Each structure stands twice: as C-alpha cells, then as structure tokens.
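Visitor: With the hints as your guide, set chain R onto chain V.
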Amino acid sequence: MTVRGLVAENGAAAMRRRSSNSSGDMVGWRRDWLVIPGLAVILIFFIAPLGVMVWRSLTDPSPYNYVRFADEAVYPRVLLTTLWMTSLVTLNCLLLGYPYAYLMHRVTRNWQWLLAMVVLLPFWSSLLVRTYAWTILLRDGGLINTVLIGIGVIDDPIRLMGNATGTIVGMTHVLLPFMVLPIIASMRRFDSDLSLAASGLGARPIAIFWRIFFPMSLPGVMAGCLLVFVLAVGFYITPAILGGRTAFFSMLIVVQVSRLLEFGFGSALGIILLAVILVIIALGSKLVRLDDLVGHSGR
Amino acid sequence: MTKNAGVGNLRLQGLSQLYGDTQGLREASLDVKAGEFITLLGPSGSGKTTTLKIVAGFLRPETGSVILDGKDITAVPPHRRDIGMVFQNYALFPHLTVARNVAFPLEMRRLPKSDIARKVGAALALVQLGAYGDRRPRELSGGQQQRVALARALVFQPSVLLMDEPLGALDRKLRETMQIEIINICRDVGHTVLYVTHDQEEALAMSTRIAVYHDGRIEQVGTPEDIYQRPANLFVATFVGESTTFLGRIEQVGGQQHLLSNGVSLPLSAASIGRVGLATGAPAALVVRPEAISIRPVGSGASNNGARPLAAVRGRIQNCVYLGSVRKNVIALEGGATALVRVAPDGGSAGTAEPGQEVEIRWDIEAGIVVSPGGGSSA
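Residue numbers (the working numbering), protein chains in the order written: chain V, 188 to 486; chain R, 303 to 681.
With the rest of the complex left out, here is chain V (with noise of 0.2 Å):
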C-alpha cells in the first residue's frame, strides 16, 4: 500500500465514521449494532486484561507495589532513562524522517513509489528479523567493525549494541516509518499556490521553506514526534536484543513477571508505564489534532 493509499483510507474511514454517527434514522441505528463483536473484542482481550493487571497491581500483595517503584532508586532511574532514550530516538527519526518526507515530496512520481518502497520495506518483514539483522552489522566481528579495522581506521572494534547506541540505532530503524509518514501526509496538503504566491511576494527559495513551507508541515511533525515517542517508551524486543545490559523500563517488568514471577509488582510496573504514555500524549494532544495522525485533512 503506498503512502497516499494508506492515507487516503483513513481519511475516508473518519468520515464514514462521522457520517454514520450523525445518521439517526432506523437503518442507521440498526446498523450501529454491527459495532458490538468488535466492541466484545476490545472489552475481552484488552481492556478486561487491563482490569485484572490494575487489580493485581493493588492487591498481589497490596498497593505497596507502587511505594516500593518509588523507593528503590533503581526504578525511576530506568524510567528516567528510558525517557530520555525514548527522546533521542525520536530526535534521530525526525532528523531523518523530516528531509526524507521532504524528498519523497519533491520528486517525481515515480521516485516517489520508490522512496515509500524504501522506507515502508521494514514494515512487512518480522521485527525480530530486522533486529537481529542489525547485529550482523554491529556486533564487534560485525560488518562494520570489520571495515573500519581493514581501513585502518580503527585499531580495536568499537562497541555499536550491547550498549545504548545499539538500542537507539534499531529502534530508530524501526520507528522511521511512524515519523515519515504523518510529515508527508501534512506535505501532501500543502497548496503549491501557497509557495508561488510567497515568491511573487518577494520571498526567495530558502524564505518560502522557513517561513511557509516548514511552518505548515508542523501538524505533521508533532503527529510524528508523539506517534515515535508513545510507540517508543514501550519497546522491547529490539533494545533486549541490540541494547544488552542497558535496561529499558519493558525490560524490568519482563524480569518481574517471567523471571522472579512477582506479578502484582509487573503489574504495578506496566501500569506505571501506561500512566506515563497517556500523560504523554494528554499533553501531546494539546499540540496535534489527532486527526494529523491519520493524515485526514481538516484545514
């Protein structure tokens, strides 16, 4: 599915949902009751499954679980971490996402094709595989390494994963599509007349992408930056692998609840950390209209 294609169907899904919401006749009403499987879905497997982890958390053995997160430095400390890792990643994403939507916007169509090819390729083939693919390359007697010792660059490989660097190379990889996408669908709706008109105006190039351009791509930026983030801040695959000892916050409640089997306070953990997406994106959704997200257009 290219990038428009995908677009453009959420788009069309909001407003058939818009539509049908505002129909109050009979077939309307009738038709509302084909919600209930996929409603029956939701409550059994996701939000029951979150009932029980809240009800663990406060009684398996008791609310202390969340005093003992605040207590033991070790804690907030990886949550911290993992914040601030989450932040870097996000940067790298849109360091990279931005100039790549820029040139997906710019060139003709059929680079186009390519270039959406090119960056939604990770999304069809297995996470674990691309994670472990990285470590070919950047393992010690990995790909690069070896170039950089046969170049004689450097003496002694240089440790790229097992440490935080491996972490936020993959999961950069990971999470560029996430940011790539909502930068070009806010691209996609930038009127061309908008750049001719700036330039009849006196602007030069360089004036119409600071000044018109960019600033008008900034829905789709924020869309991106707290798509990356929130999807972020619970990884774990790719950091348990490429990141070694550096611990992520999925990674403690891993250890809880696989390894020393103490459910209430993994519970406690994974409730914690939901706390802290959904304070992100309450204070996200101030900034970007949850639409941006989906690239429907709203001007």
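Note that these hints are calculated values from the structure, not bench results.
All figures in this text were calculated on a predicted structure; none of them were measured in a lab.
Note that beta-carbon positions come from the ideal geometry of N, C-alpha and C, so glycine has one too.
Keep in mind that a hint or two might mislead.
Quick list of the computed label-pair ranges, beta carbon to beta carbon [to be verified]:
hint, chain 1, residue 1, chain 2, residue 2, range
1, V, R293, R, N564, 55 to 65 Å
2, V, D378, R, G316, 26 to 36 Å
3, V, A257, R, R438, 22 to 32 Å
4, V, W397, R, K630, 32 to 42 Å
5, V, S312, R, S443, 49 to 59 Å
6, R, R438, V, T295, 32 to 42 Å
7, R, G444, V, L308, 23 to 33 Å
8, R, A433, V, V228, 28 to 38 Å
9, V, L461, R, G432, 51 to 61 Å
10, R, G316, V, W397, 37 to 47 Å
11, R, R440, V, R296, 23 to 33 Å
12, R, K415, V, R293, 29 to 39 Å
13, R, A419, V, R432, 54 to 64 Å
14, V, I393, R, K415, 18 to 28 Å
Now the stretches of chain R that chain V is said to cover, found in silico as 3 or more residues with beta-carbon under 8 Å [unchecked claim]:
hint, region
15, 397-410
16, 468-480
Guide: Leaving out everything else, chain R in the frame of chain V:
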C-alpha cells in the same frame, strides 16, 4: 500610496507556450500603458492564465519576452520582479494572521518594523479590514479573504498588479460589490492591472481595455465599447455579449448590399460593411445585439414608417423566459438562425408573446454588426 505616473508600462512581445501541461499560448502580444486596467477575457483554456503566469515569472515562455518599463524581465525570477498577484483561491498563508499575511512582502524586503506596521495598517484600512489584523484567514468570509489577498498584493506598491479570476469563488451579489470595490481601489492606487476572467460582464464592467483570448491567441484588444460594438471577428462578437448571428454571403440586391443567409436576404448598412472591408461575394456574418431588435406579431399592419431602413425576418417563438426586468424570447427564424430578443415584460402586444406564435423581428440596419466569419465560433 499613489504610485508615480509612468511606472508600470508593460509590453508582452510574441509570447508562445505550446508544450507542457499549461494552456497554450501562440504569439500573444499586448501593450499595457501605466495605470491601465486590462482584462484578459476568454473561455477556459484559452491562455489567459498562462499569460499571467509568464508575467508573474512562474512560467518561462518558450519564445517572446516580457518588458516592464523598458527592461526585459523575461528571465528575472518572480521574487525579484516586484509584481503583485491575487490568486483565484487567494493563496493566503493559513498559519499567519491577516496582518502577518499583509506584512509578508514587506518583511521579505526587510523594511524596518515601524514602517511595516504603518503600511500594513494603511493597506488593511484601504480594503476596510482594519479591525481584522489579528484574525486567521480561515476565520474570514470569502469576500474578506479576497480583500486580504488584495491588500497583500498592493502593500509593497508593485508596478503591476495581476489578478487571476479573483472573484470566481464568490457568489453573484458579492461579486458585483467586489467588482466596484476593486475598481475603486485600483483607481485610487493607480496601478497597472492585468485581470483574468471568463465572465464577459465582469470584463465589460471593470476594464479600460479588454484583450479577448481564443485558443491561445489574442483575437482583439480594445475598449469595452470597441469589443461590444465593433468586434474584430465572429468569435469576439459571439463571446462578448448575447447576439443573434446570421452566417452567409454578401450579395448586391438592387442598389444595396445584403447578407444572403440560407435564403433569407438581410439588408446591410454601407458603414457596417465598410468597417470590415468585405467585398461583394465574400462570406460574412451578421451579428445583432438583443437590445437592437424589436419584435411584433406577424400581420400587425403598420410597416416601416420610413425614418430609417429596417431589416426584418419572420420566425416562431420557441421559448419565453421571464427575468423580472425583461422577458427573453428565443425565436426560431426562417433560414434556421435563432434570435434572442429582450422585451419589457409589459411591452404592449410584443410583451404578451407566447411560444408558438408567429412573429417578425426587426432592427435598424445601422445596428447590424458585420464581421468576417473567421476566428472560430462559440455560443
């Protein structure tokens, strides 16, 4: 903010644009004097907007040149041309306030802040939007956005102002108000204006001169009266204003020249033939404006009272449209032509005409416009 007289002389020389995805343009030339309000009029796709884009610098003509006040600016990029443009969709910057939109061209010219504030205030006052500086464009109505676009295009005192169907998106009433407002503002400011429209009434109402486009060519340039009363060819005659058209051949009948059109013989005035210089035997077209035609039932006695020679054709009323101030009759004539006649709704016997009725239409032969049938045809 009146400009010095003499700035804004624009000369377009042999502009051609035959390839690419824009509307074509063939050897278009136009001389515009400072302070003129020139309308580029034509059907869509006839090359008006292409001309405007070339003047603005958004498009490089394949051949020909654009000369502004004696300087060839064909190769000058748009941001160094000092030409203001109002777009059909206004092209206001949605993320900037109205005041910042209007300030934009001044900021690009690095004017001091105090000057910018003063000029923006003056420009907004000029278009009567002084109180709207802090609003966003989307909070304004279409007409207001239009005026912001105008203020933005005028604020840096360009030597030429271009407008691309600026009233196209507005409803009819607002369009008429805005026409007058734009004329007044442009007259006060004294800019040279190139104004694109496909609406012939707008062109007639606003312009000092009109350039009629057809198929990438400029068919005629002239004052509204020229264009309406002395069209250069059949295309101009039928595109501008309503008309009844007869196609045929000029013949000598008795002492007078007539147009022989499908068996109908219509007398022509010597002056109207002399204007186009068509000889006897040449193919020609006769165009009669609706206001020149009178209508009466067949066989209602009194014929020509002799004052001026009249032409007359019989026909049958096909359709009657009541338009308030006038009633529009569509009449199928002998020889196959269709006449359009306007009469006052209470215009005596003629006013009560009904579909199917046999009538005779007449006009003063001096009001008949003879043109060569070339230059394409159109409704």
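Visitor: Hints the structure violates: just list their numbers, smallest first.
Guide: Hint check: 3, 4, 7, 8 and 16 fail, others pass.
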